[in-house]
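Take these sequences, add in the hints, and give me the full structure.
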Amino acid sequence: MTHRPTPPSFHPTRRRAALLALGLALLAPAGARAAGPVTVSGGWFRYLLASIPSGGYMTLHNASATPAVLTGASSPACGSLMLHRTESRGGTERMVAVAKVPVPARGTLRFAPGGYHLMCMQPRMHPHETVPVTLTFEGGGRVTASFTVFGASGAPGSAAKPGTDMRKMRM
Amino acid sequence: MSGTAPPRSGGHGYALVGVLLALLLFGTAGALWFGGRAGEAVGGDFTLQNPAGQTVTARSFRGKYMLVYFGYTHCPDVCPTTLTDVSAALRAMGPKAARVVPVFITVDPARDTPAVMGRYAALFSHRIVALSGSAAEIAKVAGEYHVYYAKHVTGPGPDDYAMDHSSVLYLMGPDGRFIAPLQAEDSASNLAAGLQRLIR
Chain A
72 MTHRPTPPSF HPTRRRAALL ALGLALLAPA GARAAGPVTV SGGWFRYLLA
122 SIPSGGYMTL HNASATPAVL TGASSPACGS LMLHRTESRG GTERMVAVAK
172 VPVPARGTLR FAPGGYHLMC MQPRMHPHET VPVTLTFEGG GRVTASFTVF
222 GASGAPGSAA KPGTDMRKMR M
Chain B
227 MSGTAPPRSG GHGYALVGVL LALLLFGTAG ALWFGGRAGE AVGGDFTLQN
277 PAGQTVTARS FRGKYMLVYF GYTHCPDVCP TTLTDVSAAL RAMGPKAARV
327 VPVFITVDPA RDTPAVMGRY AALFSHRIVA LSGSAAEIAK VAGEYHVYYA
377 KHVTGPGPDD YAMDHSSVLY LMGPDGRFIA PLQAEDSASN LAAGLQRLIR
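Here the protein sequences line up with chains A and B, keeping their order.
Position one of the first sequence corresponds to residue 72 (the numbering used here), numbered consecutively onward.
Position one of the second sequence corresponds to residue 227 (the numbering used here), numbered consecutively onward.
What the hints contain is simulated information worked out from the structure, not anything from laboratory work.
Check before you lean on any hint, since a few could be wrong.
Claimed, not checked - Which bits of chain A does chain B cover? Going by a derived footprint, with three or more residues having C-beta under 8 Å, they are:
{"hint": "1", "stretch": "114-125"}
{"hint": "2", "stretch": "148-159"}
{"hint": "3", "stretch": "164-173"}
{"hint": "4", "stretch": "177-191"}
{"hint": "5", "stretch": "214-224"}
What the hints assert, rightly or not - Far from chain A, some chain B residues (derived; all Cβ distances over 12 Å):
{"hint": "6", "residue": "Q280"}
{"hint": "7", "residue": "S360"}
{"hint": "8", "residue": "E370"}
Ideal Cβ placement from N, Cα and C applies to all residues, glycine included.
Written as structure tokens, this is what we have:
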């Protein structure tokens with residue numbers, strides 16, 4: 072056989088992965104300024120039209136032994152960014168602004184379609200971009216995370232209802 | 227001999243009571259929701275405007291199934307999720323989808339002009355017929371479909387409001403008659419399965 076496997080250290084995919092890891096390591100301090108115990112993952116916006124609000128979703132993880140309380144959000148890509156929740160009662164959907172969102176101790180809270188969402192009032196973003204979102208917590212803690220912008224159909228697999236396990240949804 | 231009867235666990239009794247209570251609860255909720263206006267049919271004639279500004283009536287859809295949903299464009303959570311699911315369900319249905327017209331009717335005609343509705347609906351699927359109308363025309367069609375909607379002020383500005391609204395999909399037959407409600411929050415695959423079952 073003339074084919075010889077590429078030595079692992081020169082494998083282009085691995086080299087790319089290593090560079091990516093290095094890049095992420097360098098970016099991490101900027102993305103998680105004064106992070107505290109709460110981290111953000113899977114942040115995304117559903118961008119529709121510039122003239123109408125975009126919904127934002129994410130998962131918050133609280134690694135500490137005490138509950139954390141999210142009190143606000145801001146983004147240079149949103150004008151004002153509000154914490155909202157969809158309440159469903161007897162088939163009627165009502166969107167309400169919320170002042171505080173508790174994140175349980177050593178727990179996870181999902182902002183997902185049909186439940187908690189960020190409401191980006193004047194979206195200045197485009198699909199495929201990422202935009203920064205800063206979350207503020209009771210006690211003054213702040214976390215800045217990068218949100219991916221998707222179009223009308225949203226993030227893949229995002230139609231899951233709050234509380235449902237995303238892994239189970241991707242059958 | 228009664229002594230030979232297996233001991234009855236209390237758990238079964240509780241489970242039965244639970245099931246009965248659940249049935250009663252859902253039955254009552256269902257009756258209130260769909261039968262509150264007993265005898266009144268769901269749906270009826272309407273006169274609305276399509277994105278091109280043309281007048282559309284319920285008769286424009288005769289011969290096709292209509293999947294009717296009421297919402298509004300400044301709704302960043304529930305409406306886009308529902309319209310995404312409807313679009314995905316129709317794509318998944320294959321040729322039968324050609325017999326269904328998804329009709330999206332605004333409950334916020336002040337902001338949702340026919341042109342805005344057209345631009346918004348096109349983001350999801352070109353199959354969706356997005357309709358607007360005067361406040362009176364919207365009130366009439368919402369009433370016919372037993373859809374509740376109300377303005378809910380969220381801030382000091384004239385544009386600071388959201389609409390509370392019933393979130394139900396109504397399947398209407400080719401003759402314009404109501405067939406069944408479908409859950410708007412359901413997944414695209416469940417929605418596709420429901421439509422496959424109901425469409426002949």
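A quick look at each hint next to the structure:
no.	hint	in the structure
1	114-125	holds (count 7)
2	148-159	holds (count 3)
3	164-173	holds (count 4)
4	177-191	holds (count 5)
5	214-224	holds (count 3)
6	Q280	holds, 22 Å
7	S360	holds, 21 Å
8	E370	holds, 16 Å
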